[in-house]
Amino acid sequence: MTAPKNALILIGSPRLKKSTSARLGAVLEENLEKQGLKVSTLFVRKVFASPQQTEDFLAQIEASDLLVLISPLYVDSLPAPVTRLLELVAQNRKNREATTPKLFAAIINCGLPDPGQNTNALNICRIFARHSGLVWAGGLSLGSGEIIGGRPLSKAPPGVGRIKKALEIAAGFLAKGQSIPNRAQQLLEKPLAPWPIYLWMGSIWFYRAARKNKATSKMHDKPYCRAAPGRR
Amino acid sequence: MQAVILNSADKKNPAAAGAVRALKSRLDDSGWSLEVLNLAQMDIAPCTGCFACWTKTPGRCIIPDQGDLAAKALVNSQLAVFLTPLSFGGYNFHLKKALDRIICVVSPFFTRVRGEIHHQKRYDSYPKLLGIGLCEHPDKEAQNLFAALVEANAKNLHAPAEAAITIVGRPGGKAIAGLVDEALQNLAICPAEAVL
Ligand SMILES: Cc1cc2nc3c(=O)[nH]c(=O)nc-3n(C[C@H](O)[C@H](O)[C@H](O)COP(=O)(O)O)c2cc1C
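For the record, the sequence lines run as chains A and B. For the first sequence, the working numbering assigns the number 44 to the initial residue and increments by one for each residue that follows. For the second sequence, the working numbering assigns the number 1270 to the initial residue and increments by one for each residue that follows.
In case anyone wonders, no lab produced these hints; they're calculated from the structure. Keep in mind that a hint or two might mislead.
Straight line, CA to CA, 27 Å or less: simulated BS3-like cross-link-like pairs of lysine-lysine [said to hold, decoys possible]:
(1) Lys198/A x Lys208/A
(2) Lys233/A x Lys1424/B
(3) Lys1281/B x Lys1409/B
(4) Lys255/A x Lys1281/B
Computed footprint of chain B on chain A, listed as stretches where at least three residues anywhere in the stretch have a Cβ under 8 Å from a Cβ of chain B [to be verified]:
(5) 48-58
(6) 248-260
A virtual CB, placed ideally from N, CA and C, is assigned to each residue, including glycine.
This is chain A alone, in the form it adopts within the complex (with noise of 0.2 Å):
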């Protein structure tokens, strides 16, 4: 493949700037950029806001030649916005003449420490890649997402340098036409954190913000029994 001369990022995370999703974007960005590409970024969310924006959505994507989405994990597979997303681009590359190929990778991050839960959304892009015409150049899967918590990486905790090693890795191959290695999907294996510890600090997390809204006491509830509502 020849090497893309300009890029745009997809952020699938309806939490748009304050999401994990848009901090490994900013970097990834950057990385590309320093690569000497003209990089956008765009929100999923906003992609439907309106039609024209739908419609300059599409124009967008036929004049670049790398697409990145960074999404989150959504009970194991892609945000519906991103699914609904995906399901529009396929269908408007349908029939259409084979232009110059584009590149296309995904980089998706998930609550739980197992980065091994994205496989099945990665796979859902390779095949979306397939049906769409565009040339899949792999992905990037990353656990404890949330450790990043919508931080700028610069601010998030220490074990986060191999995060942005892994990015700028992909961005080097991304940058040459090529796809990501296995290399940099290798820094993102081992925990963040010892994932008893991520879990724990996970666990207080949802208790404080419970404890915030006073509904510790209802942390249980189970409001949609039939047979008897409240407890059972």
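For this one, chain A is given, so just place chain B with the ligand on it according to the hints.
Here is chain B with the ligand on its own, set in the frame of chain A:
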């Protein structure tokens, strides 16, 4: 016994209609009640990722639309069917909208499920899961991915058993009923003699 079909195909999809008919007939014969939610016609906004369903109104999403119907139906059923046209081997947009809104049926706290870390149960019991994927042409890669996704969801949603089938093209009612029968038998839902 109660079953729910989360149907995300559009009304005119003949394979989806065939699958609903086959399920209705088999489940009726075995004395089950069946609820069908036609997701493409429902008002369900996408999840905003706020976690209020765990920390503000635990067990309920705060978006005031029909998103809670799928969650409610799921926890009150013994069988949940995800019926969807395949989107690159995954669920389509309409089913995904509903599923993203059902994380309220589990707790924010953690446990191990089949050797993996997942969220704890909120309810005492959860339904068995049957995935029915619809695709126009055979696509082994997409069909295998669909089965893997249903299995992953079964762990996430504490399903006691799961099965996945794909209906390719527009087979007749008999062929669809055959596939559905086999899946129900695999889930030990209809006694073998009732479906033979
Ligand atoms: C509706 C919903 C479903 C989720 N499903 C999963 C899941 O199946 N597995 C997982 O590990 N994390 C899951 N998560 C957690 C997110 O992937 C995690 O919080 C991620 O770091 C969010 O990234 P973002 O800030 O880019 O949105 C889910 C979160 C939400 C809101």
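Holds or violated: are the alpha carbons of Lys198/A and Lys208/A at most 27 Å from each other?
holds, 15 Å
Within 8 Å of chain B's CB atoms, at least three CB atoms from the stretch 248-260 of chain A: coverage verdict:
holds (count 6)
Straight-line alpha-carbon gap Lys233/A to Lys1424/B, limit 27 Å:
Since the Cα atoms of Lys233/A and Lys1424/B sit roughly 23 Å apart, the hinted pair holds (cutoff 27 Å).
For the pair supplied as a hint, Lys255/A and Lys1281/B, confirm whether the alpha-carbon distance does not exceed 27 Å.
violated, 48 Å
27 Å Cα cutoff - pair Lys1281/B, Lys1409/B:
The hint holds at about 25 Å.
Are three or more residues of the stretch 48-58 of chain A within 8 Å, CB to CB, of chain B?
holds (count 3)
Consistency with the previously given hints fails for number 4 only.
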